[in-house]
Amino acid sequence: MESTQSSSSTSLVDKLVCPGDVVLDLSNLTNQTIKLGGGLYQDCDAISVMKAGKLRFSKPNKYWVESSQKRYVPHAEDSVLGIVVDSRSDNFLVDIKGPSLAFLPVLAFEGGTRRNIPKFEAGTLIYVRVVKANPGMNPELSCTDATGRAAEYGALKEGFMFECSTGLSRTLLSSPTCPVLEALGKKLSFEIAVGLNGRVWVNSASPSTTIIVSNAIMNSESLSGAQQRIMVEKLLQRIQ
Amino acid sequence: MEIERPDGRSPNQLRPLACSRSILHRAHGSATWSQGDTKVVAAVYGPKAGTRKNENPEKASFEVVWKPKTGQIGKAEREYEMILKRTLESICIRSIYPNTTTSVIVQVVHDDGALLPCAINAACAALVDAGIPLRHLAVAICCSVADNGYIFLDPNKQEEEKMKAFSYLVFPNLNVSALPERSSQKGGEPTAHGIITSVTHGAMSVDDYLHCLERGRAVSARLSEFLRKNIEPKSSSESSKAG
Numbered sequence: 001m002e003s004t005q006s007s008s009s010t011s012l013v014d015k016l017v018c019p020g021d022v023v024l025d026l027s028n029l030t031n032q033t034i035k036l037g038g039g040l041y042q043d044c045d046a047i048s049v050m051k052a053g054k055l056r057f058s059k060p061n062k063y064w065v066e067s068s069q070k071r072y073v074p075h076a077e078d079s080v081l082g083i084v085v086d087s088r089s090d091n092f093l094v095d096i097k098g099p100s101l102a103f104l105p106v107l108a109f110e111g112g113t114r115r116n117i118p119k120f121e122a123g124t125l126i127y128v129r130v131v132k133a134n135p136g137m138n139p140e141l142s143c144t145d146a147t148g149r150a151a152e153y154g155a156l157k158e159g160f161m162f163e164c165s166t167g168l169s170r171t172l173l174s175s176p177t178c179p180v181l182e183a184l185g186k187k188l189s190f191e192i193a194v195g196l197n198g199r200v201w202v203n204s205a206s207p208s209t210t211i212i213v214s215n216a217i218m219n220s221e222s223l224s225g226a227q228q229r230i231m232v233e234k235l236l237q238r239i240q
Numbered sequence: 001m002e003i004e005r006p007d008g009r010s011p012n013q014l015r016p017l018a019c020s021r022s023i024l025h026r027a028h029g030s031a032t033w034s035q036g037d038t039k040v041v042a043a044v045y046g047p048k049a050g051t052r053k054n055e056n057p058e059k060a061s062f063e064v065v066w067k068p069k070t071g072q073i074g075k076a077e078r079e080y081e082m083i084l085k086r087t088l089e090s091i092c093i094r095s096i097y098p099n100t101t102t103s104v105i106v107q108v109v110h111d112d113g114a115l116l117p118c119a120i121n122a123a124c125a126a127l128v129d130a131g132i133p134l135r136h137l138a139v140a141i142c143c144s145v146a147d148n149g150y151i152f153l154d155p156n157k158q159e160e161e162k163m164k165a166f167s168y169l170v171f172p173n174l175n176v177s178a179l180p181e182r183s184s185q186k187g188g189e190p191t192a193h194g195i196i197t198s199v200t201h202g203a204m205s206v207d208d209y210l211h212c213l214e215r216g217r218a219v220s221a222r223l224s225e226f227l228r229k230n231i232e233p234k235s236s237s238e239s240s241k242a243g
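Those protein sequences? They're chains A and B, same order as listed. Residue numbering for the first sequence follows the working numbering, starting at 1 and increasing by one per position. Residue numbering for the second sequence follows the working numbering, starting at 1 and increasing by one per position.
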């Protein structure tokens, strides 16, 4: 089964696909489960594409379409940067660039009780994890990791936040480290938080370093790895 | 059969097409589409929370705003808005983001005939750019019928005035299928040969209409190929946005 499946799908893997393209026929697979990621949907026996982008395949059975948007659609277990919009008695309302505001329960913090509710004013930037993201409901956030620890989640003080496309934020988070961050990290010291929703926060000892880092990241979107390194080198030369 | 058109095209020949995506900085998706001198800019914002009154909140809804080149929006433009809205709703998978509204703003830059098909093509390219889930793409074409029964595709303004009837036809694009057996099956049962929207103006006989359909379908393959090609060099369109 494995062989027929791979032979039928390889033709489109790593190629650009358009909405409406059929990438897989389920009638060919009898005993195999496949996992579909973003941009694909099942239409009877066929797996069709609904977003333009590159079709990716990861062994053994994961398929998804890689695309870049300005708008974020919440998915469970994504780490995102949110801005507190309002606080209610039991929830903070947080803007995560999605279609609707997300709820951050006031108890969703490490050791959170009614006594020690954190005070977030409107406009606070926080690094949070999406816990629930069902269509038709406001997404739910949490400031703890799956084991209930605070990990790195929480409010981000000082620093500078800018917005980018979701594709850029995904490349920044990819491993091995994206070339632009690697090149910057060799010369400068800075803190960075990248949200999958296309928000990036940068902080460092001096404002000029923060600006250099954020500009380098914003310019890196359309460049290849080598180009990114050259761009960073040129930027750093200009300062010294 | 050969009849001279003012610009020397053959009856089936389209005007030069051009399309660019991600041209607006603040819109979530945008595209320009031009056919000859007709040019339209479309911008997509959303999906945003909530639906308007009289819309089904269990599905994603669309809002189309038509901006004419000059002056106020009139009856014809309202009709265009409605046709566009219905067309876009039918190509989108509306059950994925229920209770949201996506706004599509269409700005006419220049009208030189075949305006509505041009706007539909622009809106479709903008939706792709915004990453709205689509069932398939749509390609629109304008067929015009002359007094003597000849059919011309993609007329310009000068020709449009002389014609007795038009039909605006919207077809689904040709898709690429990974499966050899499926594509052969498609040849037998023409799934790609459906029709999404058909709007006619003026009086034409049934035969003329069927003739229009046939000619439109033949040329829609070229249009969908063009649309596809425009979607592909995504990295270059992004570089223009970033730079």
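These aren't lab readings, by the way, just hints derived from the structure by calculation. Note that beta-carbon positions come from the ideal geometry of N, C-alpha and C, so glycine has one too. Do not take every clue at face value.
[Claimed, not checked] Examples of chain B residues lying across from chain A (beta carbon under 8 Å, computed):
1) L24
2) H28
3) P47
4) K48
5) Y97
6) P98
7) V176
Hints and how they fare:
| no. | hint | in the structure |
| --- | --- | --- |
| 1 | L24 | 10 Å, violated |
| 2 | H28 | 5 Å, holds |
| 3 | P47 | 5 Å, holds |
| 4 | K48 | 6 Å, holds |
| 5 | Y97 | 6 Å, holds |
| 6 | P98 | 5 Å, holds |
| 7 | V176 | 5 Å, holds |
Going through the hint list in order, the structure does not satisfy hint 1, though it satisfies all others.
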